[in-house]
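Guided by the hints, dock chain B onto chain A, whose structure is given.
Here the protein sequences line up with chains A and B, keeping their order.
The opening position of the first sequence corresponds to residue 22 in our numbering, with each subsequent residue numbered one higher.
The opening position of the second sequence corresponds to residue 22 in our numbering, with each subsequent residue numbered one higher.
Read the hints as simulated data drawn from the structure, not as lab findings.
One copy or any two copies: either way a pair holds, since identical chains are not told apart in the list.
Calculated cross-link-like contacts (lysine to aspartate or glutamate; reagent style DMTMM-like; alpha-carbon spacing at most 20 Å):
#: 1; residue 1: 189; residue 2: 133
#: 2; residue 1: 165; residue 2: 154
#: 3; residue 1: 194; residue 2: 52
#: 4; residue 1: 55; residue 2: 187
#: 5; residue 1: 223; residue 2: 166
#: 6; residue 1: 189; residue 2: 56
#: 7; residue 1: 50; residue 2: 169
#: 8; residue 1: 25; residue 2: 289
#: 9; residue 1: 55; residue 2: 169
#: 10; residue 1: 316; residue 2: 24
#: 11; residue 1: 194; residue 2: 263
#: 12; residue 1: 55; residue 2: 44
#: 13; residue 1: 262; residue 2: 133
#: 14; residue 1: 301; residue 2: 89
#: 15; residue 1: 59; residue 2: 169
#: 16; residue 1: 194; residue 2: 56
2 protein chains.
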Amino acid sequence: MQEKLILKKDLKEKKEWINIYLDRFLPRKDEYPKDIHKALRHTLFAGGKKLRPYLAIQTYLLFKDDIETIKPVAASLETLHTYTLIHDDLPEIDNDEIRRGKKACHVLYGPDLALMAGDSLLCYSFQILSTCDLPAPLKLKLIKEMAECAGDQGLIAGQYVDIISETKTVPKKTLTFIHHNKTAKLLLLAIRFGALVAKASKDDLARLEKYGEKMGLAFQIIDDILDIEGSAGTLGKSIGKDIEEGKATFPSIYGLYESKEMARKLIDDALKILDYYGEKAETLKTLTEFIYTRKF
Amino acid sequence: MQEKLILKKDLKEKKEWINIYLDRFLPRKDEYPKDIHKALRHTLFAGGKKLRPYLAIQTYLLFKDDIETIKPVAASLETLHTYTLIHDDLPEIDNDEIRRGKKACHVLYGPDLALMAGDSLLCYSFQILSTCDLPAPLKLKLIKEMAECAGDQGLIAGQYVDIISETKTVPKKTLTFIHHNKTAKLLLLAIRFGALVAKASKDDLARLEKYGEKMGLAFQIIDDILDIEGSAGTLGKSIGKDIEEGKATFPSIYGLYESKEMARKLIDDALKILDYYGEKAETLKTLTEFIYTRKF
Chain A
22 MQEKLILKKD
32 LKEKKEWINI
42 YLDRFLPRKD
52 EYPKDIHKAL
62 RHTLFAGGKK
72 LRPYLAIQTY
82 LLFKDDIETI
92 KPVAASLETL
102 HTYTLIHDDL
112 PEIDNDEIRR
122 GKKACHVLYG
132 PDLALMAGDS
142 LLCYSFQILS
152 TCDLPAPLKL
162 KLIKEMAECA
172 GDQGLIAGQY
182 VDIISETKTV
192 PKKTLTFIHH
202 NKTAKLLLLA
212 IRFGALVAKA
222 SKDDLARLEK
232 YGEKMGLAFQ
242 IIDDILDIEG
252 SAGTLGKSIG
262 KDIEEGKATF
272 PSIYGLYESK
282 EMARKLIDDA
292 LKILDYYGEK
302 AETLKTLTEF
312 IYTRKF
Chain B
22 MQEKLILKKD
32 LKEKKEWINI
42 YLDRFLPRKD
52 EYPKDIHKAL
62 RHTLFAGGKK
72 LRPYLAIQTY
82 LLFKDDIETI
92 KPVAASLETL
102 HTYTLIHDDL
112 PEIDNDEIRR
122 GKKACHVLYG
132 PDLALMAGDS
142 LLCYSFQILS
152 TCDLPAPLKL
162 KLIKEMAECA
172 GDQGLIAGQY
182 VDIISETKTV
192 PKKTLTFIHH
202 NKTAKLLLLA
212 IRFGALVAKA
222 SKDDLARLEK
232 YGEKMGLAFQ
242 IIDDILDIEG
252 SAGTLGKSIG
262 KDIEEGKATF
272 PSIYGLYESK
282 EMARKLIDDA
292 LKILDYYGEK
302 AETLKTLTEF
312 IYTRKF
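Same shape as in the complex, but just chain A:
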């Protein structure tokens, strides 16, 4: 219980750091032309767990003690993630009206501005990485990996197959494809970024990737479960949408009970991998456990 409180406090602290960093990096909301800056700030600062930046930070802290170096890299993951949320919420994709407990960007600013706000955030991800204070070859590696992760061989492939699989009975491998690309890949990228910036060894990278794959898949299974069992108020987004739209989810294919078992098994495996890092991995372990027990 105490670990959970410590995690909550630490998450909040790091979230504020990322918010402050982004607030300073982005144009002020009173800068001309105002509304576009306001629109992208709206969803970016609307709340959210800031899980991706936090994963990068905590992975980095397995190897290093400072935090300044990883901050911009962590922030770039959040602008990327928020861009995907804004575009996914648009009427032509998921048509979601609530995001992070507030009105979705397009509801407040219109779909045209939301589209452009998403585009801008995507650009900022690369702008932040290209200008931060890291060695040039490392920055290029991060940019390359981010572009590959975000494009039509990563996040977009996952999102696209998710859409075309609606109202269809899809094979298990299609479901895995969707979840791996749509969700796990970016969580994995956050972990890779943390390890790469910390100059982790190849062995460490391979180990943490295994951890990331298990944790990432568990995260999405829990997401599917929360869409059935969760509360919209706590989640900060609409629930019941998956069933309504006939989405391919773990509960729809494996059933609720087996999905929970699978998530538990993945979390246990992920935790076991982290044992290697001893005490250094305590926060990351609590976070991994939280991914299973989370209500939002």
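Chain B alone, transformed into the frame defined by chain A:
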């Protein structure tokens, strides 16, 4: 007349080079999940002048003799430009149904897929730059400049102010803001990219920027004029849309005659700047003159 024929042949040749480069870089259209790759290839290879890559190539050739080095950089400008076209054509923005003489991406593949195809192309621009064979600091400089040019302090700012200015009488400085950000900035970036990759001196960069600003503004004025005087068949896009939507354009503010005079003056000034490069600038000069006389 002969110069025009040489330009046409050269444009065609370089366009094919860029297309071959992009064809090899992008996922094949039969790769899973197929339709997303097909959608982005549709508008990318639908035709178009490939003016931005060509400007980068011709600027580069003012200083160097090879072409291999500039090819990926030129290609990244085309993926970026095509992303803006696909997103701008979407129903929530300009709702244009014809692009490059073919059906717009969203008409053929639906607005969801078109949105994602645009997002993917934007990612590819950065992916191409981060992986091409140039010194790391130069690549980072290009990535930074591209992100700044594309985001909400560049192209998107221009596009946004363009939208909110519809059906309004805007001051001349707003019109200049729109045209500078929406169009001239990316043409200027192409020229800067050509010069930067060729390791041009600061003086050359400053000179070519002046050239680019004048040429870029002239390009957009001619674009405004073609929306009134042009033919949809030749242009490969809808005409008369500016007046229909009450867009802020040069003809609407300065009148058709004065707009033409302004474009001519800008082109003459741009040509004068190129005199400095003597024979080396012949193709760039013909291209600049073509920007004034073009019908598409």
